[in-house]
Structure formats: structure tokens, C-alpha cells
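Take the sequences, apply the hints, and build the full model.
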Amino acid sequence: MEIYLVEIFDYDLVIVGSGLAGLRAAIEAAKVGRDKLRIAIIAKNQLMRPHSISAEGGSAAVLYMDEGDSFDLHAYDTIKGSDYLCDQDIVEFFVRQAPVDILELEHWGIPWARRDDGRIAQRPFGGHSYPRATFASDRTGFYEVHALYDTMLKHHNIDKFHEQFVYDFIIENNKFKGVMAFDIPTGQVRIFKARAGIIATGGLGRLYGYTTYSHLVTGDGLAVALRRGMKLKDIEFVQFHPTGLVPSGILITEGVRGDGGILRNAKGERFMEKYAPTKKDLAPRDIVSRSMMTEILEGRGFKGPDGLDYLLLDFSPIGAEKIKEKLSQVREIGNHYVGIDPVDSPLPVRPSAHYTMGGIDVTRTGFTGVTGLWAAGETACLSIHGSNRLGANSTSECVVFGKIAGEDSAKWLLSNDGTINLSEGDSAYAENFLADAYKDKGDNDPYDIKRELWTTMDRDAYVFRNESGLTEGLKIIRGLIEKSRKISISEKGNVYNQNLIASLEMKNLVELAEVVVNSALERRESRGSHFRTDYPKRDDENYLKHTIAQRVNGALSITYRPVTLTKWKPEPRVY
Amino acid sequence: METVRLSVYRHDPSVEREGKYVDYDVPKEEGMVVLDAMKYIEKHIDPNISLRWNCSAGKCGSCSAEINHRPALMCKTRVDSLKEGKITVSPIAAYPLIKDVVTDVSENWALLKRIPKFTPKEGLEKPWKMSQVDIERSKEFKKCIECFLCQNVCHVIREHDTDYFGPRHVVKAASLDMHPLDALDRSEFMNRDAGLGYCNITKCCTEVCPEEIHITDNAIIPEKERAVNAQYDPLAMLIRSRRNRSGRK
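Note that the protein sequences, when read in sequence, are chains D and S.
For the first sequence, the positions run 1 to 575 when the working numbering is used.
For the second sequence, the positions run 1001 to 1249 when the working numbering is used.
Any given hint could be a false lead.
Claimed, not checked - Straight-line distance between alpha carbons at most 16 Å, and here's what the computed EDC-like set of lysine to aspartate or glutamate pairs gives: (1) K1086(S) with D1023(S); (2) K324(D) with E1107(S); (3) K36(D) with E332(D); (4) K1126(S) with E104(D); (5) K1113(S) with D159(D); (6) K1143(S) with E332(D); (7) K1121(S) with E106(D); (8) K1129(S) with D116(D); (9) K324(D) with D1023(S); (10) K160(D) with E1107(S); (11) K322(D) with E1136(S).
What the hints contain is simulated information worked out from the structure, not anything from laboratory work.
Since the model is a prediction, treat every value here as computed from it, not as a measurement.
The structure is reproduced here in C-alpha cells:
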């Protein structure tokens, strides 16, 4: 191992993360900055392979008001879906902006599916009372990423850095100055000096072993934000997607149920009729996942490998023709990964960790409270999704609020001059951090710690939670944090050192796990995705409020903030 | 427990001149793909091994390699689909090695940047109208996950030093040309600047495409035909020769 002298880059704006939010932010910042701002977009992966490409089903937007959809309806669906924990003013803003940005994507080349009259087709989605998921087959996120990436290439003032691992932000006197990273292919330490930054690093799904998330979603941006004293909001709310393919957890889109697919238990019953008599299989994800786990725990599931008991997703009501046209990728996944063609037989499914409703506490423009620093996409928590996100709302959110963060940061840059001067200590810190990361500090293995974390989270912080499980989980996780300080990594080379990356990711994950479990422990009610078997009712009197977690002097503090209500009063959530 | 033996190419060019194949025995599991076996090696046998992977669901295009010397995605190649015996895993050969099975495919980013971007026709009435059939034509090419296996197997790229961009890039051009509302025709660019003429349609690229895009039949041949039509259209030839005569470009 060899630590190179730090290489320093100088930009106006640095965007960390190249998913939908990061790409959209880059384009808008370039446009608003009239191609004069120097922008860098950097990511841990190759830029066109973010986790956003895995989004399948669609992007929600009100396109057909003349046919019965409305902003109020979309807002109401989102608010009821969130179990009233979203901020209603933000939701009202979001639903009005989504159609504009979804149509704009069409003008950038995305092939939205069509109706017979040549206009855009939309499909039904869970919890939406109108079919408003705009889609492109079952690879919506993939096509969106590529349309945005191609559009970004038109701007010549955006420099692209692939495979950079960001391990810290430079913040001095609450002012953002840049990020510290290393170049994965060479191990070179880099500082990206910048007057402004946008964090768009996605959620924290790899906290769980059984998950739909890509390998790279390890909450890096969230973990750095936590360490740097920023506030994380509503982080106990993790969405479990009802239909993860057993045993891998690969996502089978909700579009399957949108197009007519149904869930069945081992007795062949369409059990969702019992739990959500009106919406049935298209109830919001938290309700479907809970119903599925109830079926499994009460013995009406199938025995699966490694405790992954499952239920069946029956495609037969959709019909072979439609499966081939609209769900081609799902069919390929079934064929390939479990050897089942859904045209002939149902797929084995079980709720799989899928989305992080919480995130960095930001204002409606994505501003984090640190001068010069914004966040957008799944990393940020604007409180659109509250305690449970509706399907198809996240890709829309990324596009809408990625754009706003790009615009707001660019405007701020144009009206604020200045240069960034690094302190003497910054370069030394960057080098030392990495040198230290290579050093052996004990005999714990980073991979073992990650495995133990996964077992703990899959058991204690899954669909059903309770005081004793969470308390036990918290104890284990705190032990893992201790262990994570005494690890050794056996690979010391500079080039593409995955051992080093895995150990840094693991540290991020265990620290975030503490926040998730602690916040969950403190919320003694059941709301949306957070269900406490010991407090099975929603408690608006005591808990209609956002959880704010922050590290203060090394210790985790949990406080609360009221929810903003506009015109929708909390009511019982029946589907 | 039943095991499977992998023979993996190991080489760190920053410290050694030559690479070598190293054998690893990995417990075989039901439905196991080659990427699972490689991850097992990283986690349990030799953490020094370098892999590039991400979605492990055949969507992101990161884990390209040569498996038994055939270009394939590690996450999509089931161990039980391969013939009995040792499985060799080596890096894709058309690109410079970073380490082990990780290669530097970045020259493709620069090529992609040069292909003329989506340019909608002028004066279109909003909202745009298109038919699903027309959309599907362009979508076949938009499915490309940029795994670059087609580039790897292309003998023009592997064996000759030409200016041919390669199959992935013809697919890109086709995806834009086939968009029902796109105004440009990229075939001339592909022929003149992207070396399309070097492709002699051996169809190797089509064979390895994990997305089953009909690269040769649906992208390369139509682009070639359009380029040739424009080049040898008698009227166009006449106009060109008159322009040349009058000294205009």
C-alpha cells in the first residue's frame, strides 16, 4: 500500500451520485449556470450504472385531468399512503411539478409507453386511485437514467468522474468546501474543492441481507452527513417491497399486480381480499407486505431456503400476450434466476428491503442547512413519502427535486462569488484517513461484521418490530460498531481494492443501523412501514411528528418535529 | 459438499508483469451464478481478488468477463449451464486491464459522446403523439446495458487498428435514428467518422448480447444500407459533383 499525495480539483459545484437525482441536478445546474459554472459529477460506480436503473414500474404524474385525475387526488393518495406523516405542503408542490418534469423527459428521448390514440399510456399502481404511473416497459428507471445521461452529455462544462469513493465532506464553520475521495482504479486520494455540493447517494438498503437494492447502496452520503452533524429525518421507515424474488431478493415490479397479477398463499387463496377488501393486491406496499408476513407467520406460506418462507405471485390473470409485451424483463428474471416462466407458473416472492423513506433533513429546495450543501433524491427527506412511499413516486421525486437542487445551487453560486481555500490540515487529513483505513487495528473481519449486521436487521428491524427485538438489535449493533473499529483488511494494494471499500461501506452501514433501530425503538406506535407488535395502533396524539436523529458530541440524540398538515386531516387508513 | 472449481485470471499490472490463473474450490449451490462463486472467493478465500459488480440481476452491465473464454455477464451465467469441469474466468480482452477481471472500458464514454444526440423534429405539436409499434423499434436498441461484450467479441476491434467505434455504438446510433420523432440520420456520421464500413457482419456481437438485441440485422445492416443509399443515390452524387465543381464544400 502506498498513499499518494492528494490530488486537488477545483470546481464550482460537485455532485456526488449519478442516479436520477444527481443527473437531473447536473443538467439543471449547467442550464441555469448558462454553461459557465464548472461542475463535477462523481460516483462510486461507473456513472451510467446507478441503482436508479433498477426502478421498474413507473413514474407517477397527473397527465389526464380531462379524464378524471387531479392534483388533489394524487396528493391525497400520497398523503394517505404515507400514513399522514408527509408534509402536505411539499406533497402539493410535488404533484403539480411532476407532470412538467415527466413530459420534459419525453422531449429528451425517453420512449414512454403509448395508448392507441398515440398519447402517453399510464398503468395502475399500489395506493394510487387513478392509473398514473407513466412507464417504459418494466425498465422505467433504466430508460430515465439513459435519457438523462445523454442529455447531460450535451453540456460541456460537466466533468465526469467514475468510480470515486467519497469518504468525507470538508465542512468548516458550517460552510461546505468540498469532498474527499479516492479513485478506485488507482487508489489516488483526491479532494474535489467546490463552492457548492449536492449529495445524491441514494438510500441505505444494504443494511439488510434480503433486499432489492444493488450492492452499491450502502448509505455513504447519509453516513457522512450523520458524522458531520447533519440531521437525519424519519430514518426508521424502511419500505419492504412485497414482491422480492426468493431467494435472491431481486425486484419483481408492482406493475405485475398493476396489470392484474395476484398474490396467493399455500392454500391457493387470494389472501389480500381479506386485508384490503377494496384495493386488494394493489393496496400500498406496507399493507401488502404486512399481510404477506401475517400469512407466512400463521403457517400459510411455503417453506423456503434459509428461512426465506414465501408466497406466490400468480401471473395468469394477465395473459401470456400482455406478459410478453409489458413485463418482458420480469419474465426473463423468472426464467433466468429461478427457472420459472411466469407465463406458465407463479413466482416465489417475499417482502424485500426496497426504499428508505427517511434521509437528510432538507428544505423544499433540498438545502441541508450547511451553507453551500444540498441533497436530493432518496438521500434527502423532504417528507413526501412520510412513513410509507407509494410506488412510482420515487423516480418522480428524484427528477423533480434533483432539478430543483440543481437550479437552487446554481443560482446561489451565480449570486455568491468566492473561492475555496483549503486549510493546511485538509490535505493531511485526507491522506491520513486513507492511510489509517489500510492499517490493521484488530482481528475482526469486515465481511463477518456485515453478515452479522444483515442477520440482525433482517430479524429485528424487518416488517414486524417490537421492544425486545429492537433492544436486542441495538445492543448487537453497538457491539458491531465497536468491532468495526478493530478490523484488519488483508488486501493492501492500491488498485481496485474491494477489501478497503467493503470495510468503509461496512462502517457506514453499522453507524446508520444504530440510527434506524434507535429511531424505531423510540417510536412506540405503528405507522406505515413501521409496525410495532407491542404498539399495533397509530398514535396521532403522541407520534404525528417527524423523528430527527443527530449526532451531538458523539452521542445520538433523537428529537421530534411537527408534521405540516394543509387540508387533509388524519383519518383511519382503510383500503 | 459438492464443489465447483474456478480458474480465475489474477493480475495486478501495477506490481507484476504477467498474470496467472489461480484455482479456487467453491461450494456449489442450487441456482448459483458465476458471480456468486466469485463473491464467495472474495469473502471466504481470497479478499485480494478484484471484481466489478453491482446489481447482480443482469441490469447494470458491470460484471462482464470471459467465462470459459466466451464473453458473458458473470451474474447471468448459471454454473449448472456450463459444461462439467473447471470454469475459467478471465477479463474481457478488448480493453486494458485494471486488475484481475476488472478492465478499463472508459474509451467507450468518449466514443458515445461523439454520436449526435437526440434531436426532436421542429414544430411538433404538444403533447407528442407516437404509436407503440414505432416506440418498440427504438426500444430494442435502448435496452442496451453497455456491458460491452459485443465490443469485446468484435474481431475488427480485437484484431485491427481501425476507427470503427464498434457494435455498441452502432446500436446507440440506431436507437436514436429509430426514434419516431428524431430529426437526424446518423448513418453518414457512422460511415464517415465511426468506421461502420469495417464491419463485415459476422454477427458475433449478436450472439453474445445478453439483452438479445439483433445488433447485426436490426442496427448495423440498416445503418449501413442507409449510408450506402445516401452515398450512391444518383441524384445525391450529381449534386455533390456539381458542388465540387463550383468550388463549394
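A quick look at each hint next to the structure:
no. : hint                   : result
1   : K1086(S) with D1023(S) : 9 Å, holds
2   : K324(D) with E1107(S)  : 35 Å, violated
3   : K36(D) with E332(D)    : 45 Å, violated
4   : K1126(S) with E104(D)  : 11 Å, holds
5   : K1113(S) with D159(D)  : 12 Å, holds
6   : K1143(S) with E332(D)  : 13 Å, holds
7   : K1121(S) with E106(D)  : 13 Å, holds
8   : K1129(S) with D116(D)  : 10 Å, holds
9   : K324(D) with D1023(S)  : 41 Å, violated
10  : K160(D) with E1107(S)  : 13 Å, holds
11  : K322(D) with E1136(S)  : 14 Å, holds
When the structure is compared with the earlier hints, violations turn up for hints 2, 3 and 9 and for no others.
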